[in-house]
Amino acid sequence: MIYQDSRTLLAVRDLRATVNGTEILKGIDLSVRSGEVHAIMGPNGSGKSTFAKVLAGHPAYAVSGGEVSFDGGNLFELEPETRSRRGMFLGFQYPIEIPGVANSQFLRLAYNTLQAERGKEELDPLEFDDFVREKMKLLEMNPDFLDRSVNEGFSGGEKKRNEILQMALLEPKLAILDETDSGLDIDALRIVANGVNHLATRDNAIILVTHYQRLLNYIKPDFVHVMDAGRIVKTGGSELALELEARGYDWVSAEFIASGTPKAEVGA
Amino acid sequence: MSSILQNLVNQPYQHGFITEIESDVAPAGLSEDTIRLISRKKNEPEWLLEFRLKAYRQWLTMEEPGWPNVKYPKINFQAISYYSAPKPKNKLASMDEVDPELLRTFEKLGVPMNERAKLAGVAVDVIFDSVSVATTYKAKLAQVGIIFCSISEAVREHPELVRQYLGSVVPVGDNFYAALNSAVFTDGSFCFIPKGVKCPMDLSTYFRINTENSGQFERTLIVAEEGASVSYLEGCTAPKFDTNQLHAAVVELIALDNADIKYSTVQNWYAGDENGLGGIYNFVTKRGLCKGVNSRISWTQVETGSAITWKYPSCVLRGDNSVGEFYSVALTNHHQQADTGTKMVHIGRNTRSTIVSKGISAGHSSNSYRGLVRMTPAAAGARNYSRCDSMLIGDQCSANTFPYIQASNPAAMVEHEASTSKIGEDQLFYFAQRGIGAEEAVSMIINGFCKDVFQQLPMEFAVEATKLLGLKLEGSVG
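Protein chains in written order, with this note's numbering: chain C, 385 to 652; chain P, 2 to 479.
For the record, the hints were derived by calculation from the structure and aren't laboratory data. Everything hinted at is true.
Calculated cross-link-like contacts (lysine to any residue; reagent style SDA-like; alpha-carbon spacing at most 20 Å):
| id | chain 1 | residue 1 | chain 2 | residue 2 |
| --- | --- | --- | --- | --- |
| 1 | P | K423 | C | G537 |
| 2 | P | K139 | P | S151 |
| 3 | P | K452 | C | G484 |
| 4 | P | K423 | C | S533 |
| 5 | P | K72 | P | L247 |
| 6 | P | K452 | C | A486 |
| 7 | C | K519 | C | E506 |
| 8 | C | K604 | C | S418 |
| 9 | P | K423 | C | E536 |
| 10 | C | K604 | C | N578 |
| 11 | P | K423 | C | I480 |
| 12 | P | K468 | C | Q489 |
| 13 | P | K196 | P | S230 |
| 14 | P | K468 | C | A486 |
For the chain C half of the interface with chain P, some residues (derived, Cβ under 10 Å), not all of them:
| id | residue |
| --- | --- |
| 15 | P479 |
| 16 | V485 |
| 17 | T497 |
Predicted model only: the values in this text are computed from it and were never measured. Note that the Cβ used here is the ideal one computed from N, Cα and C, for glycine as well.
Just chain C, with the same shape it has in the complex (with noise of 0.2 Å):
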């Protein structure tokens, strides 16, 4: 939702990274304001998933230019850690397996660690256990997740409930979903995009990285960004989606060559 009154909470301009020397992403700009749901769609290997990690700042990329504040800062002066502490969250694409660790543990020193840092009461198991139980409602989850590892031999949906669980827990400004709709049955999209939706706010922001329209038909996007070739080619609201949907991704980057942007930079 859009609010006249809102804040500005990631500012990103000009932002360039690259992966083992190739640039990747190539001058992304976006605002985003507290309230708001934006969709980042576009086609495979267009860098939108490369732009979510960027922002979370996974240690593969290296950035190359530009800025991005986040929350009034500096978001590249923080450390991973300490940008997930400072309400920034990343739905994983591929969620990942840790064996040996349950998953009420890893829940409890994330939800902890992050309590700490808002000078906030720590839980101890037993409290912790009947907290998670009600946030595990939202998302119809199963209890037994506790007590497994985190995410070892979850299947695609299970995994995707498990970040959306994690995001309930956190409580994010700003959560990134990157593809959290892929693998995903009917229902278990349904159950994830009402978990998203209970969890949006006026005070928070949501990205959702997305190839599909599928997922906007539960979540809606007060904007739709289109990304090809490491730049957000175009911008729109909600019907941009379902006028992807009808017509692909391809004369939105012809028409963004047509609006006159050097031809050289465009999939170079």
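Please arrange chain P on chain C, whose structure you already have, making use of the hints.
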């Protein structure tokens, strides 16, 4: 921050630790004369001198083993002094004189206050030798007939017991280092649990008096008679330094019918500096004999120290239905090398053994599991389950598994599982994205990895071991 802690744990020999051994040191070199000197100095009976000489003569014909997957310069055995009279250490007068960095390490490890003093080399006779802990402790054990003393004292006070069992599990000529130990051992522990007695407390070398100079050739003998049971703890988590580079201990355990021995070790000897210089070589022979029916011997070890570890706590399962267990965590960092594992020799019928080995390699270290499971022709219905997991941190280290299986009985069952995993950048990023820093993440992953072994440790040991692994790995990731 992390590098400071790393230095703290692996800090070189500090003044607080110096062991000033005064005169009465035998000249370097090993000969029959040296051995006679040792035996004479210790007022030993003739049979023990013969035991030593027999071992020495066998040792002369033996060669240093070349098969372990470790590399080190050749040891000059004639350059070592094999006897020094156990004179008191140069004590510090109070805790105020102890290096504050060392105290912080203890703090971090949660070492109890009175033990900190002892470990730091402060005079603690007041605490240990007077009416307090040790005396009460010993008296309580004596009430139920348990003997727990130094092996020298046992030779004097209970020669018949020592003579009966010494060398009965690890014969004098068993292997190169065991033969050397048998020839020149100076001290160690003796523990005897009589028939039907369940030892009322964990026996810990912390509490044994006069152990401070048990030296580089330590000898331990534990006997549990019919129906007896004991849990024995060796070592400690605080870093231990020694001027002697070569350590070759022998530990023998004997369990008679229905007896139960649990032996837990946490080892954190000086591992050398970051380049692997100066650390201790720990070449140990540990073996338990399940002599009686339904007996059980369980080894649990957490190996984090030493430059080189060469050690295979083993069980010989002779009694029918006897059980052997080996639970191990071996962590190597920097340039440490470990070749460790176990041997389970099944002789009796329906004998069972379990092996759970967790190897963690970081830095430039090399970590090998080497294990033998032998099912002899008589071992009908015997079963073994082995599980060997390796974890790599970084890409300069190595992990190897060398399982040997010899099955000569068609009715025996042997199972072996192995896995290798790596703490990767993606795992650490996942933790970081949830606000959890690298060191805490590694500690959590490692504890998950070692859970099956830590569960076997006595409670307070398990807590210390958990912290210790975290400390040893600080600075090795991120």
